[in-house]
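Residue strings, one per chain:
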Amino acid sequence: MKPIFNDHTPIYLQIMTHIKKQIVVHILQPGDKLPSVRELSKNLEVNPNTVQRAYQELEREEITYTQRGMGTFVTDIEEKLHMLKKEMAKDLITNFIQQMKSIGFVEDELAEIIAVFIKKNKE
Amino acid sequence: MQKLIGISNVKKQYSKSKIALDGIDLEIPVGKIIGLLGPNGSGKTTFMKMLAGIARPTEGKIYIDGQEPGVYTKSIVSYLPDQNQLFKWMKVQDAVAFYTDFFQDFEMEKAKELLTRFEIGNKERVTSLSKGTVEKLNLILCLSRKAKLYVLDEPLGGVDPVARDQIIDMILDHFHEDCTMIISTHIVSEMERLFDEVLFLQRGKIVLGGNAEELRLQRAKSIDAVYREVFAQC
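Just so you know, the protein sequences line up as chains A and B, in that order. For this note's numbering, add 254 to where a residue sits in the first sequence, where the first one is 1. For this note's numbering, add 2 to where a residue sits in the second sequence, where the first one is 1.
Be aware that a few hints might be false.
Said to hold, decoys possible - As a list, the in silico DSBU-like pairs of lysine-lysine whose alpha-carbon atoms are at most 35 Å apart:
#1 A/K296 with B/K223
#2 A/K287 with B/K207
#3 B/K207 with A/K296
Claimed, not checked - Label pairs and their calculated CB-CB ranges:
#4 B/R119 with A/M324: 42 to 52 Å
#5 B/D171 with A/G323: 37 to 47 Å
#6 A/A343 with B/L219: 15 to 25 Å
Stated by the list, open to error - Counterexamples of contact, computed for chain A against chain B with all Cβ distances above 12 Å:
#7 F259
#8 D261
#9 I265
#10 R307
#11 E316
#12 E341
#13 M342
#14 V360
Source of the hints: derived by calculation from the structure; they are not laboratory data. Owing to the predicted nature of the structure, the values given are computational and were not obtained by experimental measurement. Every residue gets a Cβ at the ideal spot worked out from N, C-alpha and C, and that includes glycine.
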């Protein structure tokens, strides 16, 4: 799977999000090994230093850990993974609210709009 | 971070009215890919020729790995010129032999493997190859040296989109943490994901430079868009 990056936001952030998504939807399981920096760099056609930076940040956020000489692995701390999902949801919602506001809705209307939308979808 | 190149107040004047480089100050660390960006005639090629040691600054100093351009620096700098410099009489195998003779760090096995991968036959004449293939051949020769510094002048020059991907692949394949690459291009969008740092050159001066990711963050724009913005003003 090759994510399509845009070039107007830092690429390491996009790589981080890409990996986080894979973790949240269990394409990458707890304890799974991430591709090597070199492998991912070639795959995505980005500078290996950029991938390295993404990996460093993921480790700093304790989403992954590195075993010397073995590679980078997805954390198996349940709590962390749960939080990751929550955080990603938060980002999406914040983004949604911003976008809705930018086309003229007010916050109080949003809950109802979503409720109605979901109900319609189910029918 | 370990420094590979130090440049102070470098100027290059070809004639009274023609100033190619006008006071360049720069330090370049080991292990980075630097994008040298600018329109035609901004001084990119002159700058790269100086690093390759085939043009001398009119003023100022250049140090590569602690030494001024000369015999030593030529042995650690692998240069891809912006146009084919292989002799017309050469077959592919002659070009390989030529590099083997000239450069101690040339890895013939690597070159052969790449030639096979790109389906460039040993017996073919350089003059019979298409423009894109000649560019690939030159890049293969350049990257098959185990250099400390690679100076690539427009590696995507005249090649089609598929070949572009192959060339980007080849560059990524050969980049490792103890070497540095300086790559010039005016096709920014195709290459910007390769760059750690970018330098914008305009009329012989560096008008903007910095970490590519920081620039994206600061300006919420791609390097390509920043390029268009910077050079639209002139």
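Hint check results:
1. A distance of roughly 24 Å separates the Cα atoms of A/K296 and B/K223; the hinted pair therefore holds under the 35 Å criterion.
2. Only pairs whose Cα atoms come within 35 Å are accepted, and A/K287 paired with B/K207 is rejected, the gap being roughly 46 Å.
3. With a CA separation close to 33 Å, the supplied pair B/K207 and A/K296 stays within the 35 Å bound.
4. Taking 42 to 52 Å as the suggested C-beta distance range, the pair B/R119 and A/M324 does not conform, at roughly 30 Å.
5. Checking the proposed 37 to 47 Å range against B/D171 and A/G323 shows it is violated: the Cβ atoms sit about 27 Å from each other.
6. Distance hint check: the CB atoms of A/A343 and B/L219 are about 24 Å apart, consistent with the given range 15 to 25 Å.
7. With a cut of 12 Å on Cβ distances, A/F259 falls inside the contact zone with chain B, its closest approach being about 7 Å.
8. Remark: the non-interface label on A/D261 conflicts with the geometry, its nearest Cβ contact in chain B lying 3 Å away (cut-off 12 Å).
9. Against chain B, the non-interface label of A/I265 is violated: not every CB pair exceeds 12 Å, the least being about 6 Å.
10. Not every CB of chain B is more than 12 Å from the CB of A/R307 (nearest about 8 Å), against its label as outside the interface.
11. No beta-carbon of chain B is positioned within 12 Å of the beta-carbon of A/E316; the least distance is around 22 Å.
12. Every Cβ of chain B is farther than 12 Å from the Cβ of A/E341; the closest lies at roughly 20 Å, confirming the non-interface assignment.
13. For A/M342, the requirement that its beta carbon stay farther than 12 Å from each beta carbon of chain B is met, with the minimum near 20 Å.
14. With a least beta-carbon separation of about 26 Å from chain B, A/V360 lies farther than 12 Å from that chain, consistent with its non-interface assignment.
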